[in-house]
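Asks: Next come the chains, spelled out residue by residue.
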Amino acid sequence: MAGHIPLQYSSTKAGKRSAQEPLIVRFLLITAALAFLFLFLLLPLLAIFITAFEQGIGVYAASITDPDALSAIKLTLLVVVLTVPLNALFGVAAAWAITKFDFKGKSILITIIDLPFAISPVIAGLVFALLFSAHGLFGDFLFEHDIKILFAVPGIVLATLFVTFPFVARELIPLMQSQGSAEEEASLTLGANGWKTFWFVTLPNIKWGLLYGIILCNARAVGEFGAVSVVSGHIRGLTNTMPLHIEILYNEYQFAAAFAVASLMSILAIVTLVLKNIVEWKAGQHG
Amino acid sequence: MSIQIKEVSKTFGSFQALSDINLDIQTGELVALLGPSGSGKTSLLRIIAGLEESDNGAILFGNEEITHIRATERKVGFVFQHYALFKHMTVFDNVAYGLKVRPKKERPSKKDITEKVRELLSLVKLDAFADRYPAQLSGGQRQRVALARALAVEPKVLLLDEPFGALDAKVRKELRRWLRRLHDDFHITSIFVTHDQEEALDVADRIVVMNEGKIEQIGSPEEVYEHPNSPFVYDFLGNVNVFHGRLENGQWRNGAGGENHGSLAYVRPHDILIERKKPADDAVQAKVVHVHVVGRTVHIELKQERTDQFLEAELTKERYRELNIKVGENVFVRPNQLKVFIPEDYSI
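Keeping their order, the protein sequence lines are chains A and R.
Letter by letter, the first sequence follows residues 1 to 287 of my numbering.
Letter by letter, the second sequence follows residues 1 to 348 of my numbering.
Note that these hints are calculated values from the structure, not bench results.
A quick note: this is a predicted structure, and the numbers were derived from the prediction, not measured.
No residue lacks a Cβ here, since even glycine has one placed at the ideal position from N, Cα and C.
Careful, some of the hints might be misleading.
Examples of chain R residues toward chain A, derived with CB under 10 Å [stated by the list, open to error]:
no., residue
1, Val79
2, Phe86
3, Lys87
4, Ala150
5, Val153
Sequences and hints are given; from them, build the entire structure.
Replies: Laid out in C-alpha cells, this is it:
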C-alpha cells in the first residue's frame, strides 16, 4: 500500500504538468476572468449597497419601512406565495405527462411550455392587457361582474404565472426522461396505485430537480419587471411590486431609497444563489 | 395459476409487434419466451403483466378474464431486466414496498412485514444487506433483491424480463440454476423472456420460440432442440451449418443440380464428422481454415472445396488429437444427422 502512494503521486503530477498551459498564460487567463467578474458583477453589487447606505443607516431604514415600500414588499411576497406553488404543481404535472405517457400533440405541448421563454415579458404583459382591459376580449364580461384583473393584484399574479411557467417543467422533463419509467412500472406491478407510485417512487427521485426548479421560479417571480409593469398600473401602495417600486423611486431621483429596496432584493438573490448551490451539491451527492 | 393467451395482437404505430398469439401455460410451469430482439417476446410479457395493452384478444388467469384489469390489480410479480429497484430505498424497504402500499385493511402489521422481508432476504441470501442501498450492491445481488421484492406480494404469476441479461456469464449461470431451484420449491407459474438459447434450454420446462411477432414453435427444450419445425428455430437454437442440396427419391444429396435442388439441409456442428480418408460417397472434401480450442471442445472452421461454402464442426479434444488436424489440410466431411427443410413454394 505504502509503496503505491508515491508512484501514483508522481504519475499524476507528471500528467497534470503535461496537460497544463504555461504559467504566464494561466496567470493572464485567470486575471482576465477575475477582472471581468469584479467589473461586471461584484462592483455593481457593491455599488447597490454603497449607494443604499450613502445617506446613513437612518435613511436606509426609513426607505424600507416606508408604507409604500412595505406594501411593495408584501405584494411581491404575495405574488411569490401564489405563483410558485401553482407553477410547481403545473410543472410536475406537465413533466409527468410528457415523460411517462405517449399521446398526440406531445411536441406541441413541449413547445407551448417554452413559449414564455421565447417571447419578451413586455409582450406577455400586453397579451393580458389586451384580454382583460375594458376594450379587451373579456372586458365587457369583467365589467358586468365587477371583476378587476388589470391594474390589480390578479393581473400581476397572472402575468407572473405566465412568465415563470416553464422553470419547473423545463428542469424536470430531462431529468424524468433520463430516469425512465421502469421504477414506476415496478411500483404498479407491486400493487401501488398511481398516487402512491408518485408519492413514494417518483417524487423522491425528482425532489432535488424539483427544488432547483422552484428556486429558479421563485427568483424570477420576485424579480419580474416587464410583464408586471404592463399590467400593474403602478398604483403606489396597491399594485407596485418591489421592482416597480424601485423604478419609481429611481425616476424620482430618490437614489438612496431606490438602492435601499434594491439591496433587499439583492440579498434575496444572494440567498437564492446560496440555496441553489446547496441544492445542486445535494443533488450531486444523491444522483 | 394457469395462463391462457387468446389471439393477442399488438401494433406500435406501423410496427406489428405481435400477431394472433395463442398460448396456454399450465399451473406451476416455467416457460421461456425465446427469440431475437424485436420478436415481440417482451411485448407479450408486458401485456401479460398489464404494463401494455393488447389491441385485441384476451388473457385469462385461471378462468378469470383479466384483459382489461390494470397492472395494479393483476397480482403478478415482475422482474425487470435492469432491476428497476427503488434507488432511494434500502434493500429492506424495496422488498417491503409491495406490502407497505397495500390499502390499510389488507396491509399486514409492521411486525409481520418485517418478518416476511427477513424471510425473503434469507431466501435470496441477502440477510446482511438489508440496510444497503441498491447502488451499493453488485448486479447479481440487485437482481436477487428484485426477485425478493416481486415475491413479497405472493404473486400468482411470476414474469421475468431478460432477468439475467445484464449480468456476467458466471453470475448468470449461478442465478439461473438458483431460479430453477426456487421454482421447483415454490411452483409459481413463471414466464421468462430471454434471447439466450442456452439459458432457455437450461432452465425452462417449455420453450416458446418467437420470431417477428409470431410463435414459431412450442415444446420442451429437447423437442425444440432436437426437432425444430422450421429453419428459423434450427438456426436460432445453436450454431448450424447449411448445405444446399437436392432431393432424389426421398434421399437428400449434397450439391446443386437435378430436380428439387432448392432444398436446404441443416446440420449441427457436433453432427459433422471429419475423416482423413474418404469414407463414403456422400462425404465432401473440405479444407481446414481455422482451429479454435475452447475448453474441452475444439471448433474447426472448414471450407468446402467444391462450393466454397464455410462449415463449422465441433470435435472433442480426444478426437481432435486422434485426427491430428492442422490448418490448411484437406479432410473429408460427412453429416451424421441432418434435417431438410424444403422451401414452401417447392412443395412435393
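Asks: Would you mind marking each hint as holding or not holding in the structure?
Replies: How the hints compare with the structure:
no. : hint   : verdict
1   : Val79  : holds (9 Å)
2   : Phe86  : holds (6 Å)
3   : Lys87  : holds (7 Å)
4   : Ala150 : holds (8 Å)
5   : Val153 : holds (6 Å)
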